[in-house]
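Fit chain B to the known structure of chain A by using the hints.
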Amino acid sequence: MASVPNLVASFDPATSPDLVKRAELSEIDASTKIPALFFLGSAVLWLLVGTAFALISSFKLHTPNFLGDTEWLTFGRTRTAHLNAVIYGWSVNAAFAVAFWLMARLSRSVLRHSGLLMIAGAFWNIGVTIGIIGILAGDSTSIEWLEMPLYATPLLFVAYALIGAWALITFRFGKSGHIYVSQWYLLAALFWFPWLYSIAQIMLLFQPARGTVQALVNWWFAHNVLGLWFTPIGLAAVYYFLPKVLGKPIHSYYLSILGFWSLALFYNWAGVHHLIGGPVPAWVLSAGIAASFMMAIPVIVTGINHHMTMVGSFSALKYSPTLRFIVFGAVSYTLTSLIGSLMADRQVSEVVHFTHFTVAHAHQGMYAFFTMVMFGSIYYILPRILLKEWPSAMLISVHFWTVAVGITVYVVGLSICGIKQGLEMNNADIPFLSTTVPSVVTNTIPYLLSRSLSGVLMTIGHLAFAVNFTWMLLRPRAPQGTTPTLFQNPPEMEVAR
Amino acid sequence: MNRAPLIFLGIFFTLAFSWTGIILTNQLTYGKLEPIVDQTENKSYPEALPGLAAQGKLVYQDLGCIYCHSQQVRRPGFGADDKRGWGDRQSVPRDYIREGRVLLGTMRTGPDLRNIGARQASRDWHMLHLYNPQITSKGTIMAPFPFLFETHKIVGQPSPKAIKLPAPYTAASGYEVVPTPRAESLVAYLQSLKDTYAYPETHNVFVEPAAPTKAEGKK
Numbered sequence: 347m348a349s350v351p352n353l354v355a356s357f358d359p360a361t362s363p364d365l366v367k368r369a370e371l372s373e374i375d376a377s378t379k380i381p382a383l384f385f386l387g388s389a390v391l392w393l394l395v396g397t398a399f400a401l402i403s404s405f406k407l408h409t410p411n412f413l414g415d416t417e418w419l420t421f422g423r424t425r426t427a428h429l430n431a432v433i434y435g436w437s438v439n440a441a442f443a444v445a446f447w448l449m450a451r452l453s454r455s456v457l458r459h460s461g462l463l464m465i466a467g468a469f470w471n472i473g474v475t476i477g478i479i480g481i482l483a484g485d486s487t488s489i490e491w492l493e494m495p496l497y498a499t500p501l502l503f504v505a506y507a508l509i510g511a512w513a514l515i516t517f518r519f520g521k522s523g524h525i526y527v528s529q530w531y532l533l534a535a536l537f538w539f540p541w542l543y544s545i546a547q548i549m550l551l552f553q554p555a556r557g558t559v560q561a562l563v564n565w566w567f568a569h570n571v572l573g574l575w576f577t578p579i580g581l582a583a584v585y586y587f588l589p590k591v592l593g594k595p596i597h598s599y600y601l602s603i604l605g606f607w608s609l610a611l612f613y614n615w616a617g618v619h620h621l622i623g624g625p626v627p628a629w630v631l632s633a634g635i636a637a638s639f640m641m642a643i644p645v646i647v648t649g650i651n652h653h654m655t656m657v658g659s660f661s662a663l664k665y666s667p668t669l670r671f672i673v674f675g676a677v678s679y680t681l682t683s684l685i686g687s688l689m690a691d692r693q694v695s696e697v698v699h700f701t702h703f704t705v706a707h708a709h710q711g712m713y714a715f716f717t718m719v720m721f722g723s724i725y726y727i728l729p730r731i732l733l734k735e736w737p738s739a740m741l742i743s744v745h746f747w748t749v750a751v752g753i754t755v756y757v758v759g760l761s762i763c764g765i766k767q768g769l770e771m772n773n774a775d776i777p778f779l780s781t782t783v784p785s786v787v788t789n790t791i792p793y794l795l796s797r798s799l800s801g802v803l804m805t806i807g808h809l810a811f812a813v814n815f816t817w818m819l820l821r822p823r824a825p826q827g828t829t830p831t832l833f834q835n836p837p838e839m840e841v842a843r
Numbered sequence: 034m035n036r037a038p039l040i041f042l043g044i045f046f047t048l049a050f051s052w053t054g055i056i057l058t059n060q061l062t063y064g065k066l067e068p069i070v071d072q073t074e075n076k077s078y079p080e081a082l083p084g085l086a087a088q089g090k091l092v093y094q095d096l097g098c099i100y101c102h103s104q105q106v107r108r109p110g111f112g113a114d115d116k117r118g119w120g121d122r123q124s125v126p127r128d129y130i131r132e133g134r135v136l137l138g139t140m141r142t143g144p145d146l147r148n149i150g151a152r153q154a155s156r157d158w159h160m161l162h163l164y165n166p167q168i169t170s171k172g173t174i175m176a177p178f179p180f181l182f183e184t185h186k187i188v189g190q191p192s193p194k195a196i197k198l199p200a201p202y203t204a205a206s207g208y209e210v211v212p213t214p215r216a217e218s219l220v221a222y223l224q225s226l227k228d229t230y231a232y233p234e235t236h237n238v239f240v241e242p243a244a245p246t247k248a249e250g251k252k
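In order, the protein sequences belong to chains A and B.
First residue of the first sequence: 347, per the working numbering; consecutive thereafter.
First residue of the second sequence: 34, per the working numbering; consecutive thereafter.
By construction, these hints were calculated from the structure, which means they are not laboratory data.
Hints are not guaranteed to be accurate.
[What the hints assert, rightly or not] Quick look at which bits of chain B chain A covers, simulated, 3 or more residues with Cβ under 8 Å: (1) 90-101; (2) 150-158; (3) 204-214.
[To be verified] Simulated pairs of lysine-lysine, BS3-like, Cα-Cα distance not exceeding 27 Å: (4) B/Lys171 <-> A/Lys766; (5) A/Lys734 <-> A/Lys664; (6) A/Lys379 <-> A/Lys521; (7) A/Lys590 <-> A/Lys367; (8) A/Lys766 <-> B/Lys116.
[As the list claims (entries may be wrong)] Just so you have them, the derived chain B footprint on chain A, three or more residues with Cβ under 8 Å: (9) 461-472; (10) 653-661.
Quick caveat, the model's predicted, so the values are computed rather than measured.
Yeah, the Cβ is synthetic: ideal placement off N, Cα and C, and Gly gets one too.
Chain A on its own, in the form it takes in the complex:
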C-alpha cells in the first residue's frame, strides 16, 4: 500500500515524510497477519462463549431455578466456565495477538517462525476447550483461577513455552537499539506467567502443599496473573497506542521507568491480601497489605504518565475508536488499582471481603481496564494487517456505548451491593436469610438484577463487535487507498484511528 502513495497520502503530513519507515512497518504488519488473525479470531469466539456463560450465571443468581435441573449448567459450573472462557480464552488469546504484534513492531523485526506461533495457538485453544468441557462435565479442581482439570493444563503449558521462546527470538533479532517501555512490560509478562503457572500447578495439583500453604500459593498465583500478566500487557498497549494515535511522545520517560520497576517490585507480594482474616500467618498478610499500599506508587506514576499525555488532546476522543477504548481502559486502571489498594486495608477488608464488592473489583480490572484496552488495540491492529477498514462506524459506536455503560452499571451496582452486604453480614442482628424482614441475602437481589441488565448491554456490545469483526474479514479489499473508519471525520487529517 505504502509503495503506491495515493493522492491523499502525498498531501497528508502524517504519512509523507518517512515512506521507507512506513514500508518497513507494513512489511512487519504483513508478517504478523496469519498468526494475529488466528489468535484474534479465537479470542472473539471465546468472548462470545464466555459472555453466554456470564449471562446464564448472572440470571441464576437472582432466579436460582433458571436452568436449575441441568447438572452441567448448575451455577458452580457455568460461573467457572465463564471465568475460564473469558480469562484463558478471550483475554489470553487477545493478549498474545497484541503482545506479539507490538513486539514485532517495536523490535522492528518481521515476525519469524510464525509456524511456531500457530502450533502454540492450536495447543492453547485445544487445551482451553478441553479444560472448559472438563469443568462443565464435573472435573473442576475448585481452585480459583486454576479450575481446569489436570488433563488440560499440560497442553496450556507447552503452548505457553513455545510463545515465550518465540518472543525472546523476535526480541533478539530486533533491529531497534532502544528498548521502549512497552517492550519491558511485554518481556516481563512473558517471563513471569510461566513461572507463576508452573509453581501453582505443581504445588496445588501435582504435589499439593500441606494445609493452607495451598491458599498462599493460590492467591500468589491468581493475583499475580492479573498484576504480572494482564496488567503489563494492558499497560504495554496503552504505552504504545496512546502516543501513537495522538502523534505525540509519552509525557515522561523517567516516570515510565519508575512505574515499571515499582510495579515489578510491589505487585508480586500483594496477592495474599485475599486471605485477610484467614488461617495463614499474620506476618504474610501484613507484608501483603504493605505491598498493596505501595502499589499506589506505580499506579499514580503510570496514571500521571498516561493522563498527562492525554491532556490537551481530548478532542481526539470524538474521532478515534482506538483512543476512546484505550483511554477508558487507562482511566479504569487508575481507579481500580487505587480501590484495590484500599481493599487491602484490614478494616476495609473486614467489610468487603467475601462480598460482591470483590466481584465488582475483579470486573473493573479485567473488563473496564484490560478488555477495553484489548478492544482498542484490535480496532487499530486489524485494519493494518488486513489492509482494509472497519465496515461500520455505527457498530463500533454501539460496541463502545453498550460496554462502557454496561460495565459502569455493573461495577457501581455491585460495589454498593458489596458494601451493604458486608456491613450487614458483620451485624449479627440482621438475619442472613429471611422472607419477612430485610436480610443479607434478599437485600442483594436488586443489585444482582442490575448486574443482569448490565450483562445484557455488554452482550449486545460483544455481538456488535463480533459482527463487525466477521464482516471485516469477509468483505473484499477496496482497490484504492482507504480512509480509516472513524466515529466522525476530524477537521484535519492527522488523527489516526
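Quick look at chain B alone, frame taken from chain A:
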C-alpha cells in the same frame, strides 16, 4: 537502564523475591505442621475424613460449592462469624493439614460452611435443602440440585432412603424421590464439617474480647 540483560535480571529477581517470601519460606516453616496426638483420647487431630465424606468432598468440588460458601471462620471481633454461629473459634492452619485440597473460599453469597456439620446435623434437612433449597430456606438464591436425586415409581415397599418432601413439593402419588450415592456422600461430607477440637494455638488466638473496639480490628 536500557540494557536487556539488566532488565531481565530485574524481572527475575522481583518475582524471585515474593516466591521466596510467600511460597518457599512458608512451605519450609508452617508447611510442616503436624497433627496433634491427644493422649487422653488416644487419637490424633485433625482427624482424616471418613471414606464416604471424602467422596462427598469431590462432589462439593465438582459442583462448585466453593464459589458461594467459604470454609474459614474469622476471629471474634473481626466480622461477626462467631455471633452468626458459624464457629466457636477462629480457624487455624492446623485445621486444614489433612486436606488434600483446601477449600477456604473467598465468597459468602451463602453462609460459611466450616462448621455446618455441628450446626445442622440432620441428614433429612440436608437432603431437602439440596433437592430444593426453597423447602428449608424460603427466599434463598441457592441453586437447586435435583439431579442428585432420582424419582422412582414405588414398587412394593417404599425405599427407606426416600426423602420426606412436604407439600407442595411432594412427588406424584405412587412415586418417591431417592438420593443418589452422590447426594449421600455430599451430605456425609457436609455433616463431617466441624472444627471442634481445641489445639494449643487456639487457646492463644481465641480470646473472647470483652467489648470489640475499633483497635481490636487492627491487632
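Review point. Does B/Lys171 pair with A/Lys766 here, judged by a C-alpha cut-off of 27 Å?
Key: holds, 21 Å
Point to revise | Verdict on chain A covering the region 204-214 of chain B, where coverage means 3 or more residues with a C-beta closer than 8 Å | key: violated (count 0)
**Study point:** Satisfaction of hint between A/Lys367 and A/Lys590, Cα-Cα up to 27 Å
**Key:** holds, 15 Å
Point to revise | Restraint status (C-alpha distance of A/Lys379 to A/Lys521 at most 27 Å) | key: holds, 20 Å
Practice item. Tell me if chain A covers the region 150-158 of chain B under the three-residue, 8 Å CB rule, please? Key: violated (count 0)
Practice item. Check, residue by residue, whether the region 90-101 of chain B contains three or more positions whose beta-carbon lies closer than 8 Å to a beta-carbon of chain A, and give the verdict. Key: holds (count 9)
Check your understanding: Do three or more residues of the region 653-661 of chain A come closer than 8 Å to chain B, measuring C-beta to C-beta?
Key -> With 0 residues in contact (Cβ-Cβ under 8 Å with chain B), the coverage given for the region 653-661 of chain A is violated.
Review point. Regarding the pair A/Lys734 and A/Lys664, is the alpha-carbon distance no greater than 27 Å?
Key: Roughly 22 Å separates the two Cα atoms, so the pair holds.
**Study point:** Assertion that chain B covers the region 461-472 of chain A - criterion: three or more residues, beta-carbon distance below 8 Å
**Key:** n = 0 at 8 Å, threshold three: violated.
Check your understanding: Taken at face value, is the distance from the CA of B/Lys116 to the CA of A/Lys766 at most 27 Å?
Key -> holds, 18 Å
The structure fails to meet hints 2, 3, 9, 10 from the earlier list, while all remaining hints are met.
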